[in-house]
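Could you slot chain V with the ligands onto chain X? The hints should help.
So you can see what is in the structure, the chains are spelled out below.
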Amino acid sequence: MPDPAIQTSGLVKVFGDTRAVDGLDLSVPSGSVYGVLGPNGAGKTTAVRMLATLLRPDGGEATVFGHDVVREADAVRSRVSLTGQYASVDEEMTGAENLILLGRLLGHRKPAAKERAAELLEAFGLTEAAGRQVKTYSGGMRRRIDIAASILNTPDLLFLDEPTTGLDPRSRNQVWDIVRVVVAHGTTVLLTTQYLEEADRLASRIAVIDHGKVIAEGTPGELKSSVGSGSVHVRLRDPATRGEAERLLAETLDAPVYLEADPVALTARITGDGAEAAQAARALGRLAEAGIVVDDFSLGQPSLDEVFLALTDHPATEEQAA
Amino acid sequence: MSTTTETTYAPAAEMLGTVLAPGVKPPRPSAWSASLTFGWRAVLKIKHVPEQLFDVTAFPLMMTLMFTYLFGGALAGSPTEYLQFLLPGIMVTSVVMITMYTGVEVNKDIEKGVFDRFRTLPIWRPSTMVGYLLGDILRYTMASTVILLVGLVLGFRPQGGVVGVVIGILVLLGFSFAFSWIWTMFGLLLRSEKSVMGVSMLVLFPLTFLSNVYVEPSTMPGWLQVFVNVNPITHLVASVRSLMAGTPDAGELMWVLVASVLMIAVFGTLTMRLYNRK
Ligand SMILES: Nc1ncnc2c1ncn2[C@@H]1O[C@H](COP(=O)(O)OP(=O)(O)OP(=O)(O)O)[C@@H](O)[C@H]1O
Ligand SMILES: [Mg+2]
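Chains as they are written, first to last, in full-length UniProt numbering: chain X, 1 to 322; chain V, 1 to 278.
No wet-lab data here; the hints were simulated from the structure. What you were told as hints is all true, and nothing was included just to trick you.
With a Cα cut of at most 25 Å, we get these calculated PhoX-like pairs of lysine-lysine: (1) K110(X) - K25(V); (2) K135(X) - K45(V); (3) K114(X) - K47(V); (4) K25(V) - K114(X).
Keep in mind the model is a prediction, meaning the values are calculated, not measured.
In isolation and in its complexed conformation, chain V is listed as follows:
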């Protein structure tokens, strides 16, 4: 870390005096405006450390290529055929995987003094956390776009057209926003970045692999089907797949909506309780 020598600074009383003159205090910002401001902070951080975008570009790219060619021939006859089935699922997997960085970011920040400052401001309390998630939605959008583009290049031809694909991605973003509250909770609860990562992996690997992302659940043993069918990722993938295929499945979409609302209610509340207690 480099520090710079400073030019001599002598505080001038008049100058400090003018900045201290009590002007009219503006009204406190609305909940939405405070959240957006924290979202702006998240974007600024991406701007200053662009390397962190690696996980929303290279990682999804690798996942798509790897699974298309690894399983394509064996599971569906040809990679292109398999891709029609796999792409929505791999998009869900990648985005859901990168939600865990929310927890890591929160955990890194909470130890720093800047959090103390945020917590002494008279603002809507959840806005700090909502801000992280708004920044993350940007990252999720990037990841989804990368995967979609790679998919199109490799031969993904969604029957749902532009509308189906866009709505599919919006459903994925909505679910990921709700799901991320689990990580804000762990980010505040656990002591170190490493343990946040550890817990995230422990949750995310079974959720994404024991699902309908790679193969149809009907090919699995019965006991595994039980888990796969209650796994929210399965329902999310079914929803996104149905939208992109142009055959929206209202039942699955409802399931995803209810699950998202529940997650925000439960984990959002727990997160804010921890945030206020820190």
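Okay, chain X solo, but in the shape it has when bound:
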């Protein structure tokens, strides 16, 4: 077992009255993607910024490849790189200039920096946009130049803070592909996200955090089995039929049913072990027999909201404990 890439114990960061990170314990093995899953305001960005030496912790310990993030910040900086939640490239400069600038700052001489920039632009499909200011890029292109900048020196640990929030499905898939290649080449990735699906697809282990603490940790399989392996989302024509629908679904699926904020929507967990689709079909059949009109339904993974409900008995909201 190699040394863990990240080890934290009781990490704390307080902003005024907000305990943004409140006793965080993480152990991230090297060589894989580690997912940190949490809703808005859970403390993901704050935690990542402390680990990337951008913020000084108010309590607890954190080491990256065995180096303390405060006392040995420079040693940590030479091994990690960060793609922040908001673009961490210079919008007024062109894509090529951004990469050349970073190449120079990482110690490459000018010709080598230029060559490296050209290679990266090519690999990330940005050659055509190389000479344009980054502010003219689309969201997906920005993310790619951002990630290209982060792997310029092939870091040992890459932080990706919500890399796909706000991207369309195609751009999101591109980012996922890039992450897979990066990990296959030996870089450890710490990825924060609000989507269980994303963590599930990419990460070998996931920590779910809420109010600055880890509330569950394990492989995606372990987490999902604690929540239910899938869920069926149903939208009814008539809100008045929701009570009856809730009863029928609970009875057929033998699982908790979650009433969404939308008065015609409800979601039921399925613990079917491979037979989810069949179970969902049976449940929908029961609704049809009872004369309840279903406008729309879908079968999917539990949403973050459902995960939270299962783990904490409260939905994922940004509400601040006063």
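Okay, now just chain V with the ligands, sitting in the frame of chain X:
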């Protein structure tokens, strides 16, 4: 802001793989090299937004014309005569005034994610700030050149010759570099561009006007002379004036040198403390 639709991009594993192949990492850049790289960034920004050069060209031009003709007749008999006295001072005023944009730039940048990236690099920490100041020295040089040229056209005839004028400008640039650390500090300390501007004006107006730029301090009331004589701008103007007039004043030059070193020591340290804490 315009965005472009992109051509479909499919990440090719082999291609990404080659750029990821761990090559030999180069040694970290020296402090000087990192600072120069950030200076290059400042120059690139000027290239992309050339309008920002307005304040180092039009503003100094206006200042020189305005004060030469406004006060020239009344204070020295004729604008040309007054110009011999005024020009070094107006050059100092203009350059010192535009130092405040350093703070504004820092403040605009610090909120952006790109600063986070710089701060996670294993480089000499002050190099980011030194880079701004290197870019600014270019701007200060432009402003000084504009004023000098306008002055020469209007009849400024410095007795110190080319050497005196060049050394005078170098002293001004050195002092402005040191002085700008005050603004990097405020740029990091204050919350908005507007407040940085506000504080800058509050400091710069009294410093430049309550000095020997426009009139000899001996014509002022005694209590004002006390302030004017401890004002660093007064000493800077006296130094530059003496150099351009071909009669270098060693005492004033020493004063400026000591003040510059002190400013770098105090405000440079405070700036870096704020930078590391952000
Ligand atoms: N600089 C700051 N000053 C004051 N409060 C802050 C600061 N940064 C974060 N917070 C607060 O700390 C808490 C955690 O914020 P953080 O940005 O770490 O959450 P997050 O999990 O990244 O959320 P999101 O998904 O929205 O990015 C929030 O309540 C936030 O308002
Ligand atoms: Mg965040």
